[in-house]
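Asks: Sequence:
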Amino acid sequence: MTITTYTLEWEGITIDIEHNDYWSDFPDLELYVHHIAIKRRDEGQLPMTNTGYISHFMTGKDKMDAMEPYGTAINLVQAWLDETSQSKSWKAYLESQQQLTLF
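Start counting the sequence shown at 0; every next residue gets the next number (numbering that gives the first Met the number 0).
Derived from the structure by calculation, the hints contain no laboratory data. Check each hint, because a few of them may be wrong.
What the hints assert, rightly or not - In silico SDA-like pairs for lysine to any residue, Cα to Cα no more than 25 Å straight-line:
#	residue 1	residue 2
1	38	57
2	60	79
3	60	19
4	38	78
5	90	7
6	87	53
7	38	89
Stated by the list, open to error - Here are the in silico distance ranges between beta carbons for each label pair:
#	residue 1	residue 2	range
8	4	58	18 to 26 Å
9	0	69	13 to 21 Å
10	6	61	23 to 31 Å
11	69	26	20 to 28 Å
12	67	36	19 to 27 Å
13	61	91	35 to 43 Å
14	99	59	43 to 51 Å
Even for Gly, the Cβ is constructed at its ideal location relative to N, Cα and C.
Produce the entire structure from the sequences given, and follow the hints as far as they go.
Replies: Encoded structure:
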């Protein structure tokens, strides 16, 4: 088991990524499980989670298959952020952060 940590700067947000490349395996099912924990350093949301934290599991037939086609955890998270940042809910969240509130 190897746990690798990364820091990603995305759209002015600092994100910590922890990748466990051997969370578990299930030989009878031919499954290999990776785990990725994604956490925003400051308070706030990320496009794929309202809490700023998400835990994600991926499976494949072997260690490398689980990460295809991304190659690395940081590439996977970057692609996930880019895709989910196009959602209406993320755009509404960004707009709400620009508005001043009295309460």
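Asks: For every hint, state whether the structure bears it out.
Replies: Here is how each hint holds up against the structure:
no.	hint	verdict
1	38 to 57	holds, 17 Å
2	60 to 79	holds, 22 Å
3	60 to 19	holds, 16 Å
4	38 to 78	holds, 16 Å
5	90 to 7	holds, 20 Å
6	87 to 53	holds, 19 Å
7	38 to 89	holds, 16 Å
8	4 to 58: 18 to 26 Å	holds, 22 Å
9	0 to 69: 13 to 21 Å	holds, 20 Å
10	6 to 61: 23 to 31 Å	holds, 28 Å
11	69 to 26: 20 to 28 Å	holds, 24 Å
12	67 to 36: 19 to 27 Å	holds, 20 Å
13	61 to 91: 35 to 43 Å	holds, 40 Å
14	99 to 59: 43 to 51 Å	holds, 47 Å
The structure is consistent with each of the numbered hints, conforming to all of them.
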